[in-house]
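There are 2 protein chains.
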Amino acid sequence: MKDVKVIEIHESVFAQNEKQADLIRKKLWEQGTYFINVMSSPGSGKTTFLTEIINMLKQKISIGLMNVDIESDLDARRISEKTGIPSLQIHNGGLCHIDADMVSRALIEYDTKDMDLLILENIGNLVCPAEFDTGAHKNIMLYSVPEGDDKPLKYPLMFQVCDIVLINKVDTLPFFNFDLELAIQRIHSLNPNAVVIPISARTKEGLESFITWLKEHMEGEKHEAY
Amino acid sequence: MKDVKVIEIHESVFAQNEKQADLIRKKLWEQGTYFINVMSSPGSGKTTFLTEIINMLKQKISIGLMNVDIESDLDARRISEKTGIPSLQIHNGGLCHIDADMVSRALIEYDTKDMDLLILENIGNLVCPAEFDTGAHKNIMLYSVPEGDDKPLKYPLMFQVCDIVLINKVDTLPFFNFDLELAIQRIHSLNPNAVVIPISARTKEGLESFITWLKEHMEGEKHEAY
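Chains as they are written, first to last, in this note's numbering: chain A, 80 to 305; chain B, 80 to 305.
Treat the hints as calculated values from the structure; they're not laboratory data. Note that the Cβ used here is the ideal one computed from N, Cα and C, for glycine as well. Possibly wrong hints are sitting among the right ones.
Said to hold, decoys possible - Some chain A residues near chain B, calculated using beta-carbon distances under 8 Å:
id	residue
1	G122
2	E150
3	L153
4	N204
5	S223
6	D229
7	L232
8	G285
9	F289
10	W292
11	K294
Build the full structure now, drawing on both the sequences and the hints.
Below is the structure:
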């Protein structure tokens, strides 16, 4: 492409926070709390998805939710209203991510010791949250059909750091030029180990498969040490 | 909501770059180049939109495009292929935004002096790009129907810094629970001066209205000084 010129403008602003993340992972593991970090673009359906899966799980296990938002408490409120579980709204002062230090501070305020599952609903953003280990045992990404099948090419790190990618809103596939096979192939070329499940939080398609995956990890990994 | 607890975790990492932005605005204005900054979520349709409007305008005015991406040059390539205009791909090293300093450095590499219109296709992100003045004369936001009508509540700064909000993919309104009137009302409660135009880059609905707005500003504002 002779008409495309490429220049590199680099800057390093991200601090290492992996040690702190490891401490969180270990502490929560030892107290029997499995911690998952849910990331996505704005509007990919995280809140609807979380409401559905919490309602499917809450009779059997104890669940807590930490929601990160710039300034509203809309999502924490919605999920709490629709599921009855306690939630913590974290305002991070306009930052684009949450890191292990912020999670540590939130855990001082939020009593998680009787929780089987702690969910972090990260900020809607495909760039920054991918760069900061939050201390979660698993990273989950929601990637919605209307966003287009090219997103793995454009936001590779997000797809690389996720253990599972849930392709949401598959009930809208007929209305968009989204090649599901191509999208899955692109995800696997970045991250061959990523589990990919097509879902629709609205129609509940695929949610049982996700829950099976989650339970296997919550139980299976009890043999692992963090 | 007794079940929602709110804590504040603040950090300040953003440097002031307004002086540099003012210099860019002034320099480009004096050389007769109108500079627009296009922001949105990932997958809101920026590339399709830009391809369409460039093709509608390129016979009458000279246009250049700077595309910011984390590492690919996919969008710059696509737009260049489909419009024939020259484009500059800026890799910003994984950062979530572009600031006036990065624009200044890009302008050293990119010869804009004969351009009537310079377009910056910002990174797909509703958080960080809103915080940095790029030196553009106008900020344009694409906000797509599948993202949901609550986005102004969750990403208020983005809606506050934009001069015009284009609600894209309105051809998919029948398939989503998106209240167009409510979305417009929410935008105006944050930013009463924002122009809001419903569009579909795919069906071209609304694109003429946007071009009318753009031309009025490019011409009308020739009487203003930057």
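Inset, instruction - Give me the numbers of the hints this structure contradicts, sorted from smallest to largest. - result: 8, 9, 10 and 11
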